[in-house]
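A.B. asks: Residue numbers (our numbering), protein chains in the order written: chain S, 7 to 242; chain Z, 7 to 242; chain A, 7 to 242; chain G, 7 to 242.
There could be a bad hint or two in this list.
Copies of one chain are not kept apart here, so a pair can be met inside one copy or by any two copies together.
[As the list claims (entries may be wrong)] For lysine to aspartate or glutamate, the following EDC-like pairs were computed, each having C-alpha atoms within a straight-line distance of at most 16 Å:
| no. | residue 1 | residue 2 |
| --- | --- | --- |
| 1 | Lys212 | Glu55 |
| 2 | Lys242 | Asp128 |
| 3 | Lys242 | Glu126 |
| 4 | Lys211 | Asp69 |
| 5 | Lys211 | Glu148 |
| 6 | Lys242 | Asp127 |
FYI, nobody ran anything at the bench for these hints, they're computed from the structure. None of the values given here were measured: they were computed from a predicted structure.
Number of protein chains: 4
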Amino acid sequence: MTRVTVWNEFRHEKTDAKVQSMYPDGIHGQISQFLTAAGFEVTTATLDEAEHGLTAEVLEKTDVLIWWGHKAHEEVADEIVESVHQKVLEGMGLIVLHSGHFSKIFKKLMGTSCDLKWREDDRHARIWNINPSHPIVAGIGECIELEQEEMYGEHFDIPAPDELIFVSWFPGGEVFRSGCTFSRGNGKIFYFQPGHETYNSYYNKKVQQVIINAVNWAKATDNIQPAYGHFDALEK
Amino acid sequence: MTRVTVWNEFRHEKTDAKVQSMYPDGIHGQISQFLTAAGFEVTTATLDEAEHGLTAEVLEKTDVLIWWGHKAHEEVADEIVESVHQKVLEGMGLIVLHSGHFSKIFKKLMGTSCDLKWREDDRHARIWNINPSHPIVAGIGECIELEQEEMYGEHFDIPAPDELIFVSWFPGGEVFRSGCTFSRGNGKIFYFQPGHETYNSYYNKKVQQVIINAVNWAKATDNIQPAYGHFDALEK
Amino acid sequence: MTRVTVWNEFRHEKTDAKVQSMYPDGIHGQISQFLTAAGFEVTTATLDEAEHGLTAEVLEKTDVLIWWGHKAHEEVADEIVESVHQKVLEGMGLIVLHSGHFSKIFKKLMGTSCDLKWREDDRHARIWNINPSHPIVAGIGECIELEQEEMYGEHFDIPAPDELIFVSWFPGGEVFRSGCTFSRGNGKIFYFQPGHETYNSYYNKKVQQVIINAVNWAKATDNIQPAYGHFDALEK
Amino acid sequence: MTRVTVWNEFRHEKTDAKVQSMYPDGIHGQISQFLTAAGFEVTTATLDEAEHGLTAEVLEKTDVLIWWGHKAHEEVADEIVESVHQKVLEGMGLIVLHSGHFSKIFKKLMGTSCDLKWREDDRHARIWNINPSHPIVAGIGECIELEQEEMYGEHFDIPAPDELIFVSWFPGGEVFRSGCTFSRGNGKIFYFQPGHETYNSYYNKKVQQVIINAVNWAKATDNIQPAYGHFDALEK
Numbered sequence: 007m008t009r010v011t012v013w014n015e016f017r018h019e020k021t022d023a024k025v026q027s028m029y030p031d032g033i034h035g036q037i038s039q040f041l042t043a044a045g046f047e048v049t050t051a052t053l054d055e056a057e058h059g060l061t062a063e064v065l066e067k068t069d070v071l072i073w074w075g076h077k078a079h080e081e082v083a084d085e086i087v088e089s090v091h092q093k094v095l096e097g098m099g100l101i102v103l104h105s106g107h108f109s110k111i112f113k114k115l116m117g118t119s120c121d122l123k124w125r126e127d128d129r130h131a132r133i134w135n136i137n138p139s140h141p142i143v144a145g146i147g148e149c150i151e152l153e154q155e156e157m158y159g160e161h162f163d164i165p166a167p168d169e170l171i172f173v174s175w176f177p178g179g180e181v182f183r184s185g186c187t188f189s190r191g192n193g194k195i196f197y198f199q200p201g202h203e204t205y206n207s208y209y210n211k212k213v214q215q216v217i218i219n220a221v222n223w224a225k226a227t228d229n230i231q232p233a234y235g236h237f238d239a240l241e242k
Numbered sequence: 007m008t009r010v011t012v013w014n015e016f017r018h019e020k021t022d023a024k025v026q027s028m029y030p031d032g033i034h035g036q037i038s039q040f041l042t043a044a045g046f047e048v049t050t051a052t053l054d055e056a057e058h059g060l061t062a063e064v065l066e067k068t069d070v071l072i073w074w075g076h077k078a079h080e081e082v083a084d085e086i087v088e089s090v091h092q093k094v095l096e097g098m099g100l101i102v103l104h105s106g107h108f109s110k111i112f113k114k115l116m117g118t119s120c121d122l123k124w125r126e127d128d129r130h131a132r133i134w135n136i137n138p139s140h141p142i143v144a145g146i147g148e149c150i151e152l153e154q155e156e157m158y159g160e161h162f163d164i165p166a167p168d169e170l171i172f173v174s175w176f177p178g179g180e181v182f183r184s185g186c187t188f189s190r191g192n193g194k195i196f197y198f199q200p201g202h203e204t205y206n207s208y209y210n211k212k213v214q215q216v217i218i219n220a221v222n223w224a225k226a227t228d229n230i231q232p233a234y235g236h237f238d239a240l241e242k
Numbered sequence: 007m008t009r010v011t012v013w014n015e016f017r018h019e020k021t022d023a024k025v026q027s028m029y030p031d032g033i034h035g036q037i038s039q040f041l042t043a044a045g046f047e048v049t050t051a052t053l054d055e056a057e058h059g060l061t062a063e064v065l066e067k068t069d070v071l072i073w074w075g076h077k078a079h080e081e082v083a084d085e086i087v088e089s090v091h092q093k094v095l096e097g098m099g100l101i102v103l104h105s106g107h108f109s110k111i112f113k114k115l116m117g118t119s120c121d122l123k124w125r126e127d128d129r130h131a132r133i134w135n136i137n138p139s140h141p142i143v144a145g146i147g148e149c150i151e152l153e154q155e156e157m158y159g160e161h162f163d164i165p166a167p168d169e170l171i172f173v174s175w176f177p178g179g180e181v182f183r184s185g186c187t188f189s190r191g192n193g194k195i196f197y198f199q200p201g202h203e204t205y206n207s208y209y210n211k212k213v214q215q216v217i218i219n220a221v222n223w224a225k226a227t228d229n230i231q232p233a234y235g236h237f238d239a240l241e242k
Numbered sequence: 007m008t009r010v011t012v013w014n015e016f017r018h019e020k021t022d023a024k025v026q027s028m029y030p031d032g033i034h035g036q037i038s039q040f041l042t043a044a045g046f047e048v049t050t051a052t053l054d055e056a057e058h059g060l061t062a063e064v065l066e067k068t069d070v071l072i073w074w075g076h077k078a079h080e081e082v083a084d085e086i087v088e089s090v091h092q093k094v095l096e097g098m099g100l101i102v103l104h105s106g107h108f109s110k111i112f113k114k115l116m117g118t119s120c121d122l123k124w125r126e127d128d129r130h131a132r133i134w135n136i137n138p139s140h141p142i143v144a145g146i147g148e149c150i151e152l153e154q155e156e157m158y159g160e161h162f163d164i165p166a167p168d169e170l171i172f173v174s175w176f177p178g179g180e181v182f183r184s185g186c187t188f189s190r191g192n193g194k195i196f197y198f199q200p201g202h203e204t205y206n207s208y209y210n211k212k213v214q215q216v217i218i219n220a221v222n223w224a225k226a227t228d229n230i231q232p233a234y235g236h237f238d239a240l241e242k
């Protein structure tokens, strides 16, 4: 059974009534709920726990880590980022959601600024499926309509993704590469744009299905850790 | 249950004693054998059958098509190539083996000459795993050692593959991108180099495992056929 | 001096007053005009000329071919498509504009249906620069605003482009990968979406600059034709 | 005129007679020599200079930075790595040579371990041209033969390169992706494998030509810095 750890900064929910009302159990609570219903073994971890809830023991038991953070990226300890980075390279899947684009771990894996344009305007968004044969879009159809979502616009300063899965349309005139896959070491990474803390995106069935599909896609197969370092010749 | 059709030109086996002795049931027979043992529902089809064994009915029931051809590529009827091409775009997986690089269907899907260097010299080959987290290499380890394989050397005139899975080393001094994935329409395509008709590559357990993995990778997920053509505006 | 051949179907301009008034010298005439001003050596060729104006002699003297076609794709002779295809593989650059997405040559190079959604609604379009360091976007800025352009929408059934350069936003709610590069053989290919026959896109200075940049990008460098076929070992 | 800064660790040359004899003016001296002859404006910088020779002023005047390091990667100050990283994202080209695969700057840009197999055995190497139409291989031909080069073998733990340019063959049985391009922010990066300190690779005319071509390829075109952050709607 695939083991998922849902990491959430969990600050907005404690201080902002609007967020609290939208996600009374925290964003991690809501994500856990639909992942558990989908049959995964789900744990949560949050910033204010010891080691941000990401101890070596927790990471050891994590097949796929989900990351939501926003206003406290800088409070994530570098040692924890190092541990998570190492686990990703060894094969732990990583799903980075929404404002997690600016997290230390995503920037470390990408090597770029991961910057973008943004605007909160309470307007709708449409996420187009650009890669209809990809397992991450199974059951999604041509697009996902969201009643409200924060605008994220290009240029998005990431390396060219290995696979471009979604491109979003915003009524203000912008576009955004809103679903992107990357491989780093043995780890598979999926960035997915929806999830502003005051909107109901994580209640949307298609958004949930994408995250469920992405967990299945990102979990490691029975793969090897290659040998590195000095190597004796195989041929005379 | 995934339904696999193994297509083989099946000419060498009828006329060449060495090939007959290596593959008494035909190359398709040997490939069928290990795919059946792996739990797939396997059918075979060969060039000299009516419609080359690839009737609309057969293609309709095929999740993944495997293609081995060599000296009679030109005898494959264009209409059959069209049907296979259409099915691939609709989501049928395609695994092209060895000299199938010069088949009409592979060239049509690639849009290039698919040409390469070659030499039969009865020497060994080593297929390096370049993409250790890919599902196609699950269980394979760092490389596959073949006692004998035909040399195929760069430059291999294909589009840049979506994913480079294997690179082969040959004792004569050549290298070759010997495992490559491509997406075309909804179809997933895997090219895999081993399989000269006089060598025992399809008895090699790792070669078999790669083909088994590739069938699982290439079969369609529950994906959509996008709508094309005139489209009414979604926004006023 | 880079030699450009601008190929145009040149039918709309003969029969439709609106197109005639927009492009009195033909779409090829307008494209030639700004390419000549940019310092290229420019020739034109059109469908109704002998061999569609694309004789072996013309192709021999063409570094980069530009292709605009729409309603008469099927009238382009297969032999000419073969010649153009062969020249692209040998290193001739190819820039496919707008409805050329459905041309025989583009479909042959892509291996897919190249289908898409479309709508003529006289509304505006915004072409976002997704790849700000690419030579094709030099001098373009963050986006190109067009007063009117035909909507082309995803899914666009092409192989994953080697490089994604532009993504378009349409007011009706659609997005489109409107600038894409591909390599096939030694040839570099650029697809660029603007250019509906009744709109003034080829008078737009930024659209012109993109095409000028693309010619410079697509022209062959001093590269080799690799040796193919039987190859003697380099090592004992 | 393109301004190149050649950065070299410059330690082996001071302590190892064999290296000193191979590169009496330092590896940076030899690289400078052929780049200057090619018409570039060349400066050098080395580890033991103040700020490793990479002051803000030097970086400001650098279009393309070349990086050779080996045994003292850890001595490069993090602040300098940050400055170089920032300049790359802004558009400075970066060419990483040989053991520079393990430099802080390359690892930071890649987000992976950049690990590999290696062996010094004084044997030859053959670098195959996999991408014959790329500007970096102009004038190179099908392969580069080196009398002696250190073996670097797969798996090479890098993200999938944007373009694979060279694959090396080693007599001990290994292969290696020895020429790879990447884009990060506005910066273009080229990794090139040859250049062990005791071998004469930087005297090889083809190796020199590749580096010259790569400088021309990596230098920024007239591109923009996109606007990031809060963004007002373009549409009502």
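A.B. asks: Against each hint, give a clear statement of whether it holds in the structure.
C.D. replies: Right, here's what the structure says about each hint:
1. Lys212 / Glu55: neither (31 Å within a copy, 46 Å between copies)
2. Lys242 / Asp128: Close across copies (13 Å), not inside one copy (68 Å); limit 16 Å.
3. Lys242 / Glu126: Close across copies (14 Å), not inside one copy (65 Å); limit 16 Å.
4. Lys211 / Asp69: Classified as neither: same-chain Cα gap 23 Å, cross-chain 28 Å, threshold 16 Å.
5. Lys211 / Glu148: Intra 14 Å, inter 34 Å, cutoff 16 Å: intra-copy only.
6. Lys242 / Asp127: So Lys242 and Asp127 pass the 16 Å test across copies only (11 Å; inside, 67 Å).
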